[in-house]
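These protein sequence lines are chains A and B, in that order. Using the numbering used here, read the first sequence as starting at 165 and increasing by one per residue. Using the numbering used here, read the second sequence as starting at 45 and increasing by one per residue.
Quick caveat, the hints were computed from the structure, so don't treat them as lab data. Heads up, some of the hints might be wrong.
Sample of chain B residues with no beta-carbon within 10 Å of chain A, all distances over it, derived [what the hints assert, rightly or not]: (1) G50; (2) K85; (3) H99; (4) M136; (5) P150; (6) T295; (7) Q297; (8) R298; (9) E318; (10) G328; (11) R369; (12) E387; (13) Y490; (14) N495; (15) S524.
Derived lysine-lysine pairs resembling DSS-like cross-links, with alpha carbons at most 27 Å apart [unchecked claim]: (16) K506/B <-> K411/A; (17) K411/A <-> K463/A; (18) K207/B <-> K463/A; (19) K304/B <-> K457/A; (20) K299/B <-> K528/B; (21) K528/B <-> K191/A; (22) K235/A <-> K506/B; (23) K207/B <-> K85/B; (24) K266/A <-> K279/A.
These numbers come from a predicted model, not from an experiment. Note that CB positions come from ideal geometry on N, CA and C, so glycine has one too.
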Amino acid sequence: MTCINPNKNRLRRSMMFLNAQKPSLLKDPYVYKADSLMFDLEDAVAASAKDTARFSLYHALTTLDYRGAEKVVRINGLDTDLWEEDIRCVVACGADTIRIPKTESADMVKAVEEKVEAAEKEFGRPVGSTLLMAALESARGVMNCYEICKSSDRMIGVALSGGDYTKDLHTTITGTGVELMGARQHMVIAARAAGVQCFDTVWTNLDDMEGFKKDVRTIKMMGFDGKSIINPRQIDIVHEIFTPTRKEIIFAEKVIREIDDKKAKGIGVFTVDGKMIDIAFYDGAKRTIALAKASGVYKGDL
Amino acid sequence: MINAVGRDIPEEILKQTGKEVFQGSHHFDGAEVRTESHHIKIRNDGGSKVLPSIHDALVKCGIHDGMTLSFHHHFRNGDRVLNMVIEECHNMGIRNLTIAASSMGPQNDPIVPYLDDGTITNIRSSGVRGKIGKAISEGHLQGLAIMASHGGRVRAIKSGEVKIDIAFIGAPTADDYGNLGANGGRADCGVLSYAAPDALHAEKVVAITDTLVPFPNFPQQIKGIYVDYVVAVDSIGDPTKIASGAAKPTTDQRKLLMAKYCSDFVAASPYFKEGFTYQTGVGGASIASTKFLADEMRNRNIHMALGIGGMAKPMCDLLNEGLIRELVDTQDFDLEAVRSVAENPHHHFIMAGEYASPLTKESYVNRLDIVILGALEVDTHFNVNVVVGSDGYITGAQGGHPDTACGAKCTIIIAPIMQGRIPTICDDCTTVTTPGEDVDVVVTDYGIAINPKRQDLIEAMKDTDLPITTIEHLRDIAYSITGKPEKVQFEDRVVGIIEARDGTIMDVVRQVKPFSLED
């Protein structure tokens with residue numbers, strides 16, 4: 165099945181969890197300007213309110229204009245009797261992306277994809293328009309990350325779910341990041357190898373904003389594309405860290421211009437601002453400019 | 045007759061009040077006005093002014109039907125003075141009183157029955173929160189409720205339009221000579237700004253205190269030379285409700301979002317420079333924007349020369365930090381502000397007239413660079429309503445809103461585009477309290493609208509990343525979510541008047557009509 169959604173590789177620095185059971189949260193969360201909004205039908209919703217949440221979500225997503233924010237919905241796990249109806253609801257209301265919880269294998273993604281395709285036909289949505297992402301919440305899931313990333317053309321990427329994963333690992337979230345090191349490293353390598361995006365787990369201590377900043381800086385350095393968040397006050401920090409700085413943008417511009425210029429003159433290696441530059445820097449610089457553009461901070465003409 | 049903000053003021057109301065319609069905020073600039081004075085009963089005995097009870101004070105002042113009694117609202121939700129006095133008047137069988145208060149609120153709920161029985165037939169106040177507002181809106185007041193701004197109230201008193209027969213001034217401390225202090229008692233309120241015009245212009249002045257101190261009482265905010273009698277009572281106010289506690293920094297993300305937009309706007313404006321002057325309210329968004337602005341002041345090494353108006357901890361903190369040079373204070377919202385005005389030599393008490401009266405040789409509001417205010421409604425003409433709820437009930441007060449908006453070089457309103465399911469940004473305010481000509485900027489959660497008459501500000505914001513849009517666009521967004529609300533239904537009877545600062549009529553408030561679905 166070929167993915168036909170042009171937004172598959174869009175900017176996803178921040179993905180904000182919202183409880184679909186609460187109308188006040190569904191109303192206009194886009195004012196805070198997270199890149200993606202993740203409406204939760206799973207753990208945040210009480211067992212007795214699963215259908216209410218679906219109805220609220222359906223009406224919100226078919227009535228309100230979310231002004232460019234990506235609409236992701238976390239469905240219930242494949243070990244429940246809820247996920248198939250969740251998929252019908254999500255596809256019917258035209259959400260952009262389905263987040264599959266507790267993903268452990270490529271087969272699970274394929275099972276979801278099958279139902280998604282059926283729902284797209286049922287509700288007259290273009291087949292291949294609904295995107296998928298997988299949350300890895302266990303050691304098995306992390307071990308199978310590459311296969312999961314490659315399991316469907318609709319896959320935008322994988323996200324680590326640190327709480328369940330550390331339980332499975334027989335440890336806890338410590339705030340140091342030590343317990344997540346292996347999974348993070350493995351996942352980002354697998355995602356890059358498969359050509360999809362990679363998202364980090366939530367930071368739940370809202371009183372420790374310094375710890376949060378450090379955490380976001382770490383995953384940015386590791387190569388992640390973005391982070392799941394639980395509160396609007398986390399957005400600015402994530403965006404600040406994931407958006408290229410003025411300095412980075414100016415340097416990237418110079419690199420691109422110089423490489424283009426020197427290539428024409430037959431020069432391979434040269435220096436920009438005292439740093440050795442060759443063709444290997446080209447893609448990175450292009451990516452910086454693309455990210456700056458997507459983040460709305462690029463005002464140049466490259 | 046249609047006034048300058050497009051409101052139709054009924055002829056019979058103009059006739060009944062002898063007022064003119066509002067013709068613009070600066071219509072009377074430069075006019076020469078003669079001020080009225082009052083009678084003084086000469087006293088030269090050097091004796092004590094203390095009387096045993098409010099009843100005795102009322103008798104000594106010659107209380108009779110139809111008098112105008114004045115009160116201040118510095119004890120806010122903890123005030124006991126107004127209720128005690130009115131209760132006593134009621135017990136004495138006095139009728140047809142006019143209350144001239146600087147403001148009223150839920151603390152005055154107990155006197156609602158005295159509207160129906162004719163003890164109180166007219167009210168002048170900044171506004172009326174709580175059950176009295178509801179009672180007025182439902183037609184329980186026989187006369188009119190005239191709602192004026194803090195500055196407008198001083199004008200009305202000074203010009204003689206409001207003749208106060210007896211002013212009752214709740215005073216945290218008093219000596220037997222009538223020197224009144226605002227600190228050092230059992231119910232400290234920090235300042236007695238709004239009682240000052242009453243002391244200066246009322247026929248009789250009665251101080252009510254629960255802390256009688258030895259003569260001479262210093263520091264004093266109202267001097268004994270203006271006071272006729274002093275009455276000591278058990279308690280003038282509930283201190284826990286006067287300073288309703290330092291407003292905790294808000295964690296409401298929507299307020300923080302608007303606060304950030306607001307402080308970024310101020311920082312990008314031409315007014316944000318060394319020595320600027322500033323006023324803000326104590327709502328969550330206002331306080332948060334002051335805090336964000338303080339970060340920018342530190343970054344750019346900019347200092348505020350003067351902070352004006354009602355005070356709370358955040359402004360006092362900035363004074364202590366040296367980011368503000370002086371504060372002039374008209375009201376204290378928390379204990380930190382009460383303490384600061386008592387202790388910090390750069391934190392000053394000023395009188396209501398100095399602060400905001402239009403009938404002066406300039407008041408402080410005219411020196412404001414930036415004021416940040418709230419709103420119940422803002423319409424596409426930038427008119428603001430802060431008194432009447434979208435359900436038609438009187439629920440707020442003008443306060444210094446129209447005064448500061450008129451005086452400041454840059455008036456910024458912060459409000460979300462919807463409150464609950466009610467659109468805040470709308471075609472026409474239910475009631476106009478501050479004219480659009482005095483409103484420059486509206487900051488909402490969906491973007492910032494600049495009044496088109498301020499092309500200079502529109503130009504100044506062109507290269508910023510701020511979400512600048514138009515007021516019509518904000519209204520369209522609000523209506524796209526809430527739908528366009530039907531107009532509230534009113535009876536014909538006018539129950540209240542929104543008095544402009546200059547004494548003209550800005551708008552009228554009519555009696556609410558019980559809602560009925562059309563067939």
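Right, here's what the structure says about each hint:
Here G50/B stays apart from chain A, with its beta-carbon at least about 31 Å from theirs, past the 10 Å limit. With a closest Cβ-Cβ approach of about 61 Å to chain A, K85/B is found to remain outside the 10 Å limit, as its non-interface label requires. Here H99/B stays apart from chain A, with its beta-carbon at least about 53 Å from theirs, past the 10 Å limit. Annotated as non-interface, M136/B keeps its C-beta farther than 10 Å from every C-beta of chain A; the closest such distance is 52 Å.
Listed as outside the interface, P150/B is consistent with that label: its C-beta sits roughly 26 Å from the nearest C-beta of chain A, beyond the 10 Å cut-off. The claim that T295/B is not at the interface with chain A is violated, since a C-beta of that chain comes within 10 Å of its own (minimum 8 Å). At roughly 4 Å from the closest C-beta of chain A, the C-beta of Q297/B falls inside 10 Å, breaking its exclusion from the interface. Annotated as non-interface, R298/B brings its C-beta within 10 Å of a C-beta of chain A; the closest such distance is 7 Å.
Listed as outside the interface, E318/B is consistent with that label: its C-beta sits roughly 26 Å from the nearest C-beta of chain A, beyond the 10 Å cut-off. No beta-carbon of chain A is positioned within 10 Å of the beta-carbon of G328/B; the least distance is around 14 Å. For R369/B, the non-interface assignment is confirmed: its Cβ lies about 31 Å from the closest Cβ of chain A, beyond the 10 Å cut-off. Interface exclusion of E387/B from chain A stands, the closest Cβ pair being 32 Å apart, more than 10 Å.
For Y490/B, the non-interface assignment is contradicted: its Cβ lies about 6 Å from the closest Cβ of chain A, within the 10 Å cut-off. Against the 10 Å criterion, N495/B stays outside the reach of chain A, whose nearest CB is about 23 Å from its own CB. Non-interface status of S524/B relative to chain A is broken: a Cβ of that chain comes within 10 Å, the nearest being about 8 Å off. The straight-line distance between the Cα atoms of K506/B and K411/A is roughly 23 Å, inside the 27 Å bound, and the hint therefore holds.
For the suggested pair K411/A and K463/A, the alpha carbons sit about 13 Å apart, so the restraint of at most 27 Å is met. Note on K207/B and K463/A: the hinted pairing is violated, with a Cα-Cα distance of about 64 Å set against a maximum of 27 Å. Among the hinted pairs, K304/B with K457/A is consistent with the structure: their alpha-carbon atoms are about 23 Å apart, no more than 27 Å. Under the criterion of a C-alpha separation no larger than 27 Å, the hint pairing K299/B with K528/B is consistent with the structure, at around 24 Å.
For the hint pairing K528/B with K191/A, the CA-to-CA distance comes to about 17 Å; that is within 27 Å, so the pair holds. The suggested pairing of K235/A with K506/B is violated, with an alpha-carbon distance near 31 Å, which exceeds 27 Å. A distance of roughly 16 Å separates the Cα atoms of K207/B and K85/B; the hinted pair therefore holds under the 27 Å criterion. Between K266/A and K279/A the CA atoms are separated by roughly 17 Å; this keeps the pair inside 27 Å, and the hint holds.
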